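Quick note, the sequences are listed as chains A and B, same order. With the working numbering, the residue at position 55 of the first sequence is 194, and numbering never jumps. With the working numbering, the residue at position 35 of the second sequence is 174, and numbering never jumps.
Just so you know, not all the hints are guaranteed correct.
Intra- or inter-copy, both count: the list cannot distinguish identical chains.
What the hints assert, rightly or not - Within a straight-line C-alpha distance of at most 20 Å, the following computed EDC-like cross-link-like pairs (lysine to aspartate or glutamate) qualify:
1. Lys224 / Glu239
2. Lys233 / Glu169
3. Lys167 / Glu196
4. Lys252 / Glu239
It is worth saying that the hints were derived from the structure and are not from the lab. Values in this document were obtained by computation on a predicted structure and should not be read as measured data.
There are 2 protein chains.
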Amino acid sequence: MKKTLSVGLAGSILGLGLLAVVQAAETKPEDVASYRQSVYNIIGWNFKPIGAMVKGEVPFDAAAVARHAQYVELMSKAAPEAFAKGTGPSVVKKTEAKEEIWTKPAEFDSKMKDFQQEATKLAEVAKGGDQTAIKAQFGKTAETCKACHKEFRKD
Amino acid sequence: MKKTLSVGLAGSILGLGLLAVVQAAETKPEDVASYRQSVYNIIGWNFKPIGAMVKGEVPFDAAAVARHAQYVELMSKAAPEAFAKGTGPSVVKKTEAKEEIWTKPAEFDSKMKDFQQEATKLAEVAKGGDQTAIKAQFGKTAETCKACHKEFRKD
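Using the sequences and the accompanying hints, generate a full structural model.
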């Protein structure tokens with residue numbers, strides 16, 4: 140479990156069109172998994188209040204939506220580097236990531252890109268402040284979350 | 140431990156000049172602490188490789204530095220909402236946050252602003268790609284981390 144990853148996670152990332160990522164040589168699989176969980180925690184933290192607003196559970200606040208959507212977009216772009224090879228459930232105990240992420244990289248890549256694309260649109264639409272448009276784009280983004288979780292995340 | 144925070148963390152944030160943050164009514168103290176840990180995890184994830192580069196431990200990559208510095212800046216701006224009242228060690232078991240964060244809010248606020256300011260400068264300097272300037276500004280930013288951790292984080 141103390142196996143270290145080789146220098147430069149970039150080489151082990153699933154070809155997701157990222158900038159090169161240089162991590163120190165001693166990055167452990169557990170650290171990557173922890174980073175992964177942090178990224179998705181922050182996505183959820185920011186995505187949920189948008190959902191609460193478009194559902195009318197809390198008052199709509201255009202500035203808050205724009206800010207939250209920006210973080211969702213930015214974290215969607217940070218997400219791919221959190222899926223370095225050798226950080227799946229066969230190596231890391233505490234992870235909800237399924238091995239299929241690494242055995243079906245093209246499918247995972249496609250789902251990740253869908254999410255990034257819709258999250259980027261959500262951030263754009265959110266800047267405009269149009270509540271109806273935001274609601275529609277929130278729904279589209281949420282679909283990409285579900286589609287990926289269904290296939291690649293443990294229940 | 141299942142006590143819920145009131146709607147709108149904004150009211151319980153330490154007056155850190157944030158935009159209003161609307162969270163769903165059922166945000167638990169543990170969720171805030173978890174978000175807090177995620178924010179700092181992502182800060183560390185991005186800050187460390189800049190350090191490794193300015194120290195010459197890994198090859199300097201201007202694009203990677205700029206990207207990492209941008210995430211440090213953005214997460215520094217996300218950090219204040221992670222310190223809602225009622226999420227300290229008297230309520231949340233698993234936290235390194237000291238109670239002093241909430242008993243000395245002006246001091247904490249000041250340290251947080253120092254960090255945000257230097258992180259913002261780091262992101263600016265990083266865009267320029269000047270390795271000497273980046274190294275200097277990395278050092279200044281690291282000082283603000285240490286200063287805050289010394290006073291407000293458990294060892």
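Each hint, compared with the structure:
1. Lys224 / Glu239: within (11 Å within a copy, 41 Å between copies)
2. Lys233 / Glu169: both (8 Å within a copy, 18 Å between copies)
3. Lys167 / Glu196: Classified as between; 17 Å across copies, 41 Å inside a copy.
4. Lys252 / Glu239: Classified as within; 17 Å inside a copy, 43 Å across copies.
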